[in-house]
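Letter by letter, the sequence shown follows residues 1 to 166 in full-length UniProt numbering.
Possibly wrong hints are sitting among the right ones.
Pairwise CB distance ranges, derived in the manner of DEER restraints [said to hold, decoys possible]:
(1) GLN55 x ALA117: 33 to 41 Å
(2) THR120 x ALA26: 34 to 42 Å
(3) ALA101 x LEU72: 16 to 24 Å
No lab work stands behind these hints, which were simulated from the structure alone. Note that the structure is a prediction, hence the values are computed from the model and not measured. Quick reminder that beta carbons are idealized off the backbone N, C-alpha and C, glycines included.
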Amino acid sequence: MAASPPSGASADVAAPSPRRAPRGPAIAAQFLSLINAVRADAGVPPLSWNATAAQRAKLHASWLRDSAGCDLDQKERAPVRVEMGTAMTWYRGYDGRPTPADAVALWLTERPWYDRAADTCAAGQECGNYRLVVKPEWRQLGCALVACPSGGAVAACAYRRGLGTK
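Model the full assembly from the supplied sequences, consistent with the hints where possible.
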């Protein structure tokens with residue numbers, strides 16, 4: 001139910017502008033710092049930022065927003081692929097602006113289900129996003145965060161191997 005304006009206030013108040021996901025160098029630095037902190041805790045080398053991977057992640061996340069209504073179940077249909085590995089997450093029902101910390105915190109919730117020695121998830125559990133975050137072979141990272149019209153957000157991170165790695 002919509003709230004009515006206070007008594008004596010005009011009902012012709014402009015609607016608030018749609019929420020926008022934060023972007024720019026500060027967001028890149030946040031993703032990189034947060035993910036590298038998770039990687040340090042897991043004992044794997046830190047990543048460096050890769051602008052090409054970030055652009056691919058942005059194209060993928062934007063397609064999910066614009067063409068698939070931010071439905072992650074549709075990500076395989078995207079004409080844009082983040083082929084070097086992808087970790088994506090979806091938020092619903094938040095109050096405020098989406099942040100890289102929200103995405104990384106959600107991916108981090110999968111940590112208890114990941115068996116690093118076997119490189120598998122516990123039976124019946126999801127840990128694929130966390131597994132990508134801490135995969136030792138990755139050397140570069142590019143992420144994007146896109147606000148959805150429904151009030152949620154899509155975050156995508158593309159991980160790349162460095163030169164000379166298999």
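Hints versus structure:
1. GLN55 x ALA117: 33 to 41 Å: holds (35 Å)
2. THR120 x ALA26: 34 to 42 Å: Distance hint for THR120, ALA26 holds at roughly 36 Å.
3. ALA101 x LEU72: 16 to 24 Å: holds (19 Å)
In this structure, every one of the numbered hints holds.
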